[in-house]
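**Q** Keeping their order, the protein sequence lines are chains U and P. The numbering of the first sequence is numbering that gives the first Met the number 0, which starts it at 0 and goes up by one. The numbering of the second sequence is numbering that gives the first Met the number 0, which starts it at 0 and goes up by one.
These are computed hints drawn from the structure, not numbers from a lab. For clarity, every value in this text was computed on a predicted model and none was experimentally measured. Errors might be hidden in some of the hints.
Same chains, same names: a pair is fine if it fits in one copy or spans any two.
To be verified - Simulated pairs of lysine-lysine, DSS-like, Cα-Cα distance not exceeding 27 Å:
no., residue 1, residue 2
1, 129, 173
2, 276, 173
3, 173, 33
4, 173, 250
5, 96, 347
6, 348, 180
7, 81, 119
8, 345, 250
Given next are the chains, with one letter for each unit.
There are 2 protein chains.
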Amino acid sequence: MKKNEISILGSGLIGSLLSIYMKKRGLDVNVYEKRPDNRKGQYQEEGRSINMALSDRGWNALEKAGLKEKVLTLTIPMYGRKIHDEHGKTSFIPYGKEGQAIYSISRGRFNQLLVDEAEKLGVNMFFGHKVEDVDLRTNELTITDANGSQEKIFSNVIIGSDGAYSALRNAMLKQVRFNYKQEYITHGYKELSIPPTEDGEFAMDPNALHIWPRGSFMLIALPNPNKSFTCTLFLPFDGERVCFENIRDEKDVTSIFETYFDDAYKIMPNLKEEYFKNPTSALINIECYPWMLKSALLIGDASHAMVPFYGQGMNCGFEDCFILDELVEKFGTNAWELVFAKFQKKRKKDTDAICQLAMENFEEMRNEVSDPKFLIRKKIEAKLHSLYPKDWIPLYTMVTFSNMPYSEAYAQGKLQEKIMDKVMSSPLISQNWDKLDYEDILYQMDKAKAV
Amino acid sequence: MKKNEISILGSGLIGSLLSIYMKKRGLDVNVYEKRPDNRKGQYQEEGRSINMALSDRGWNALEKAGLKEKVLTLTIPMYGRKIHDEHGKTSFIPYGKEGQAIYSISRGRFNQLLVDEAEKLGVNMFFGHKVEDVDLRTNELTITDANGSQEKIFSNVIIGSDGAYSALRNAMLKQVRFNYKQEYITHGYKELSIPPTEDGEFAMDPNALHIWPRGSFMLIALPNPNKSFTCTLFLPFDGERVCFENIRDEKDVTSIFETYFDDAYKIMPNLKEEYFKNPTSALINIECYPWMLKSALLIGDASHAMVPFYGQGMNCGFEDCFILDELVEKFGTNAWELVFAKFQKKRKKDTDAICQLAMENFEEMRNEVSDPKFLIRKKIEAKLHSLYPKDWIPLYTMVTFSNMPYSEAYAQGKLQEKIMDKVMSSPLISQNWDKLDYEDILYQMDKAKAV
Numbered sequence: 000m001k002k003n004e005i006s007i008l009g010s011g012l013i014g015s016l017l018s019i020y021m022k023k024r025g026l027d028v029n030v031y032e033k034r035p036d037n038r039k040g041q042y043q044e045e046g047r048s049i050n051m052a053l054s055d056r057g058w059n060a061l062e063k064a065g066l067k068e069k070v071l072t073l074t075i076p077m078y079g080r081k082i083h084d085e086h087g088k089t090s091f092i093p094y095g096k097e098g099q100a101i102y103s104i105s106r107g108r109f110n111q112l113l114v115d116e117a118e119k120l121g122v123n124m125f126f127g128h129k130v131e132d133v134d135l136r137t138n139e140l141t142i143t144d145a146n147g148s149q150e151k152i153f154s155n156v157i158i159g160s161d162g163a164y165s166a167l168r169n170a171m172l173k174q175v176r177f178n179y180k181q182e183y184i185t186h187g188y189k190e191l192s193i194p195p196t197e198d199g200e201f202a203m204d205p206n207a208l209h210i211w212p213r214g215s216f217m218l219i220a221l222p223n224p225n226k227s228f229t230c231t232l233f234l235p236f237d238g239e240r241v242c243f244e245n246i247r248d249e250k251d252v253t254s255i256f257e258t259y260f261d262d263a264y265k266i267m268p269n270l271k272e273e274y275f276k277n278p279t280s281a282l283i284n285i286e287c288y289p290w291m292l293k294s295a296l297l298i299g300d301a302s303h304a305m306v307p308f309y310g311q312g313m314n315c316g317f318e319d320c321f322i323l324d325e326l327v328e329k330f331g332t333n334a335w336e337l338v339f340a341k342f343q344k345k346r347k348k349d350t351d352a353i354c355q356l357a358m359e360n361f362e363e364m365r366n367e368v369s370d371p372k373f374l375i376r377k378k379i380e381a382k383l384h385s386l387y388p389k390d391w392i393p394l395y396t397m398v399t400f401s402n403m404p405y406s407e408a409y410a411q412g413k414l415q416e417k418i419m420d421k422v423m424s425s426p427l428i429s430q431n432w433d434k435l436d437y438e439d440i441l442y443q444m445d446k447a448k449a450v
Numbered sequence: 000m001k002k003n004e005i006s007i008l009g010s011g012l013i014g015s016l017l018s019i020y021m022k023k024r025g026l027d028v029n030v031y032e033k034r035p036d037n038r039k040g041q042y043q044e045e046g047r048s049i050n051m052a053l054s055d056r057g058w059n060a061l062e063k064a065g066l067k068e069k070v071l072t073l074t075i076p077m078y079g080r081k082i083h084d085e086h087g088k089t090s091f092i093p094y095g096k097e098g099q100a101i102y103s104i105s106r107g108r109f110n111q112l113l114v115d116e117a118e119k120l121g122v123n124m125f126f127g128h129k130v131e132d133v134d135l136r137t138n139e140l141t142i143t144d145a146n147g148s149q150e151k152i153f154s155n156v157i158i159g160s161d162g163a164y165s166a167l168r169n170a171m172l173k174q175v176r177f178n179y180k181q182e183y184i185t186h187g188y189k190e191l192s193i194p195p196t197e198d199g200e201f202a203m204d205p206n207a208l209h210i211w212p213r214g215s216f217m218l219i220a221l222p223n224p225n226k227s228f229t230c231t232l233f234l235p236f237d238g239e240r241v242c243f244e245n246i247r248d249e250k251d252v253t254s255i256f257e258t259y260f261d262d263a264y265k266i267m268p269n270l271k272e273e274y275f276k277n278p279t280s281a282l283i284n285i286e287c288y289p290w291m292l293k294s295a296l297l298i299g300d301a302s303h304a305m306v307p308f309y310g311q312g313m314n315c316g317f318e319d320c321f322i323l324d325e326l327v328e329k330f331g332t333n334a335w336e337l338v339f340a341k342f343q344k345k346r347k348k349d350t351d352a353i354c355q356l357a358m359e360n361f362e363e364m365r366n367e368v369s370d371p372k373f374l375i376r377k378k379i380e381a382k383l384h385s386l387y388p389k390d391w392i393p394l395y396t397m398v399t400f401s402n403m404p405y406s407e408a409y410a411q412g413k414l415q416e417k418i419m420d421k422v423m424s425s426p427l428i429s430q431n432w433d434k435l436d437y438e439d440i441l442y443q444m445d446k447a448k449a450v
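Isolated chain U, as found in the complex:
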């Protein structure tokens, strides 16, 4: 039987980056990926990937791996949300301070880069290798290759970065005292696109994340380097007037888009074709614990798949790798049970917090952003932040533009929310938001923190 030092399940974004870290620690690293090698043009993942947005936590992890500069060339900075109302009027809400941005990147191209870098370092990548089963008593993987032949591989260490439908987690699910939750939300999504204009330019401002918030549903668009936008339509599956179930033919598509997204509709020539070609996908939230059993560990989406509404799924997974690597650095490559135990203990509360925030942010994105008061609220928070840069950091900034543990950001965010709710309840807030007693607001926050 083949014996591996370390086996990583899944060569997605998290698995690839992790393999780079582990190789750099001097380990013999083997990565098993059920899909074919998508660098060879045989395979194209299409119509089901929400574009990614890299933010500080992600960059931080890439920088440690020496990849920041290379990845930067694949990205487009987005400095804020551009909100489109039903008449096509837009307004811009910055994400942070001037110059702060999140970076749009296409999953496919990014993944290829990471796999290339891993192979250059000597990571063994096995594509078309499906993990059928993991025996957690013996640390044996049962793997089927692309030709259908099966082999068993013993592995000293197994790390499952194999995503929301993780094979390693499925094995753990049968263990006594493994806690697990999978929860689908009421909404699904469908990928669509806005191609470049006839003269080869972006059809809208490329340096923003575009949102068409419509209450119970929404459309978003992120820029691509080829001057197209990748759009994602989020609708309830059923039960409401506007839902996937009620869109049956091209006339329904046209009618919905003309009514609710008319400015987008005018620049989506392939809408009807794409709508019926691309699948409608579901959105899942997964939480589980423990993440480890002896020398096997779950990481990334395999241990905490979140809905995409805070743009943190990939960033959080990269931060997982960063933190795990710090522990390997500290405790060495002969103390995996200790490393894994420390990792899950430190990290679980943070991934719980970001899973929760991602769920809550859906409400904000499809609803509140279109409320004029939301804009004022953001302005008050931005002013608080500029007056007291260390003592009032808006939640979005803590999550996106810092490496503060998610659970701390969550806790501070909840305190801020209460105080801001009170501030916003003033009937004259739209007129006098700029003349508030900002010192008193900060004082309330200090008091709340002290409790």
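Once you have looked at the hints, place chain P on chain U.
**A** Just chain P, lined up with the frame of chain U:
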């Protein structure tokens, strides 16, 4: 390929009763059970079954199947909780009004009776038949029999009453938009026993459920017709001074029992042997939704496994059968998708409520019952109930001695709890509980209900 009209997975208490109902509806019923036939003496389930307590919902379902009288002969009524303090002093808290009782019954003997009755009616019982897989697209079961040979069976209808580790639910788990949660609590349990005395009598009062509540842990005992008691010890697995992890040898067992359960210890001659022979088992809560896919349905623990602290797991499963049968009666045996859809829609909120109550009652059993104020609280509620029998029904009574939907009982219970917390906060409550303004308490409840 064999073609079944209806296949029931699992011949446990729920599966057996369900098979009786379905046979009586004129269906050809096949039950697949992975365990051998325990009526044949080859197999004994031992050391891991908490004794069951039948209450109104269970009796109601048995009566409809014509089995109430037969089952009654296997039971012992328990009219209340007998609380044992650390000095061996006992106090009695009735469960309901005079004559109201829950009925202790041993799982094994009860299950044999139900299987016998099902076979008498012509149900086909297949023991030693393990369901390996369920193909939800084709409604095909893959089954391995006791000789290891495998067959595929098509079934028009499949009902999974195969418990907390359901094979049907495992198949559903892989379906998109199936929501699922499994949650282990921090405590485990171990079965022990108190044998009859030397002169062949019960060693304690047989008409009570005995509890030794000790805050973070407890011991309970239920009577058996052979004049023994089946005891269950609930301890945290780890992390506390008294926990399973810290009991390593016979000296530890003796020390814990002498210190905390001395009166029980004196009548447990086989304690040390049983402690190390019997397994330590975990306690799981399972919730999922939907419960159906086309003509396949989950029922009982397969769809909602609860912790045992409200004594409702079996009763709730029997009530599932009762309600399902009512729907079959109404819509016939040719409208399974409709019947299953109505069933899950009606029933889900009720099983959520009892799962939640079972979790909350653990705290009450191991902690509050030993507080003198708890006894007063129960007395006040009993008096309210006797004064206003329709308008103030204690939560335990609604759950145990009525067929009111669990969700309604839960909602009313929460209102009562708030009012009683206020009543109990009076500093003189121990002295003057009998002289309260009971009319006013009821008025507060009426007001709360009206909101």
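**Q** Which earlier hints can't be squared with this structure?
**A** 4, 5, 7, 8
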